[in-house]
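Put together the whole structure using the sequences plus the hints.
Number of protein chains: 2
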Amino acid sequence: MSQRIEDLFKIKYPIVQAGMIWNSGWRLASASSNAGILGLLGAGSMYPEVLREHIRKCKKATSEPFGVNVPMLYPNIEDIMSIIVEEDVRIVFTSAGNPKTWTTWLKDKGITVVHVVSSVKFALKAQEAGVDAIVAEGFEAGGHNGRDETTTFTLIPMVKEHIDIPLIAAGGIANGKGMLAAMVLGADGVQIGSRFVASEESSSHIAFKQKVVDAKEGDTILTLKELAPVRLIKNNFYDEIVELYKKGPTVEELKNLLGRARAKRGMFEGDLEDGELEIGQVAGLIHDIQPVSQIVDNILREFEEAKQAIRKL
Amino acid sequence: MSQRIEDLFKIKYPIVQAGMIWNSGWRLASASSNAGILGLLGAGSMYPEVLREHIRKCKKATSEPFGVNVPMLYPNIEDIMSIIVEEDVRIVFTSAGNPKTWTTWLKDKGITVVHVVSSVKFALKAQEAGVDAIVAEGFEAGGHNGRDETTTFTLIPMVKEHIDIPLIAAGGIANGKGMLAAMVLGADGVQIGSRFVASEESSSHIAFKQKVVDAKEGDTILTLKELAPVRLIKNNFYDEIVELYKKGPTVEELKNLLGRARAKRGMFEGDLEDGELEIGQVAGLIHDIQPVSQIVDNILREFEEAKQAIRKL
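Protein chains in written order, with our numbering: chain A, 1 to 313; chain B, 1 to 313.
Each statement offered as a hint is correct.
Identical copies go unnamed one by one, so any copy, or any two together, can satisfy a pair.
Mimicking DMTMM-like on lysine to aspartate or glutamate, the simulated pairs with C-alpha atoms at most 25 Å apart in a straight line are:
no.	residue 1	residue 2
1	125	219
2	312	161
3	307	297
4	160	297
5	234	161
6	225	243
7	160	219
8	160	304
9	121	214
10	307	161
11	216	128
12	255	243
13	225	239
14	246	226
15	312	297
16	312	6
17	121	273
18	312	7
19	100	79
20	121	239
21	225	253
22	107	87
Simulated from the structure, these hints should not be mistaken for laboratory data. Predicted model only: the values in this text are computed from it and were never measured.
Quick look at the structure:
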């Protein structure tokens with residue numbers, strides 16, 4: 001197995017802390033980078049000047065590499081990208097859009113670019129666009145997700161068959177066994193999201209963190225497929241979605257139900273019933289809120305133990 | 001890691017060839033058993049007397065253990081179960097129903113019983129019903145599937161946290177890397193379906209086998225969730241399903257569209273456009289039709305290679 005992810009980002013362990021809207025500000029990203037993995041700020045929930053502040057605070061809190069995740073479906077992308085360059089961020093993860101739009105512009109400025117995909121088709125497009133690595137994210141992942149519904153277990157080896165650049169697996173990974181399984185399937189490293197929502201340093205509301213800890217198998221669902229498919233915890237808001245679907249709604253009616261700021265309301269403000277609670281299926285394997293350093297230590301220990309178990313096979 | 005699956009079925013390798021309607025008759029099951037894995041007849045597509053014939057032919061073709069998969073949603077279950085006992089089949093996999101219905105009856109006759117589940121809740125129910133092992137099958141699996149949409153990557157460790165009896169992973173596994181990854185995640189063995197559809201010995205129509213070989217990432221979908229959710233290859237029949245869904249159909253209208261014998265028409269008779277073509281997402285990793293012995297050899301070789309790669313980590 002390679003050191004490609006470690007070398008690409010200049011980090012100690014091949015783990016990326018996912019950039020997640022409303023959950024990953026400077027505290028989480030800097031704690032992750034200080035723990036030897038790659039921390040990411042989630043720009044999707046930040047006004048441009050808020051992002052600037054988080055970048056500056058993150059730089060003060062860590063001397064290790066960190067990056068910014070930019071979901072291209074949100075507004076103000078030009079301003080976001082300008083601030084990333086002005087503030088000298090060296091690593092950008094783009095998602096939810098065409099990898100051709102920003103890759104060359106960013107790479108011309110010496111920035112390492114990674115694109116998040118959920119299909120072989122977009123993995124090939126991203127490689128062609130010149131990205132430095134790909135995150136391939138399976139159906140089980142939380143938040144916005146692809147239309148093909150391809151799971152991590154099949155997506156990783158299928159993408160691996162088609163691309164040569166470093167491959168980061170995402171979706172369903174929260175511990176060292178998941179990390180090893182993803183690498184067996186062909187990944188060079190892993191991106192972990194949900195596990196870091198339930199960390200002390202995430203900006204997630206404490207009620208949401210506890211909801212993630214309490215979530216069990218079957219509690220999440222991929223829905224709103226006519227808008228941008230999103231995986232969330234079933235709650236009163238989801239019940240309303242189900243009711244609306246029974247009427248054969250238009251896209252406009254779905255948008256109206258979603259409204260504005262549902263994600264903020266759920267994940268940042270802790271409205272567990274009427275907010276949007278984005279999390280992965282792997283929430284069912286997360287049983288406590290821990291500091292990032294502890295989470296990373298546990299993952300690495302489990303990873304070593306899982307390797308030892310394989311050696312005995 | 002354990003030898004629990006090998007010991008339970010008295011087989012050489014911890015691999016089960018899935019019992020699949022219209023695809024797994026005596027030729028496939030006996031070839032699998034002769035290759036050192038557990039072959040299964042798929043009773044779901046057989047009239048009782050046809051099953052009897054397949055059991056007898058299978059016994060003539062192999063002296064190794066084999067079993068029968070009985071999806072409990074099909075008719076004639078009483079007759080099927082009587083024939084299984086009369087013909088002295090020693091291993092039964094039940095699926096698509098309540099594990100309490102038949103487990104005690106079968107176990108009283110000395111038969112080893114395995115139940116297929118797709119959620120933690122049903123894994124617990126099956127263990128409580130006294131089954132000898134569980135198959136936990138992820139969302140990516142072909143054919144009939146669960147409502148929770150939990151993927152193999154997250155289902156296996158979640159089930160493992162809750163049950164003590166032997167655990168067989170299914171869904172998304174077609175090669176040795178998948179087998180090792182499933183075991184890293186907590187499985188004692190694996191059940192493989194799609195890969196054996198594209199075998200020389202399966203009773204699948206040659207046109208369907210070739211369709212599986214040609215399938216790519218994104219070509220399958222889980223649909224008809226209001227009836228029994230089923231994963232199939234998108235074709236003209238699926239386009240008709242999509243059209244019907246736009247009208248907000250009743251369950252009755254969906255049943256009418258499905259009609260009778262769609263699965264036979266697609267998989268056994270080779271009608272690629274209007275038949276039901278049940279296969280897993282992993283079809284995108286299957287690139288040839290091979291004899292079962294070759295398929296098993298390849299899986300075992302890849303499994304060893306993947307273990308060696310881990311040893312170097």
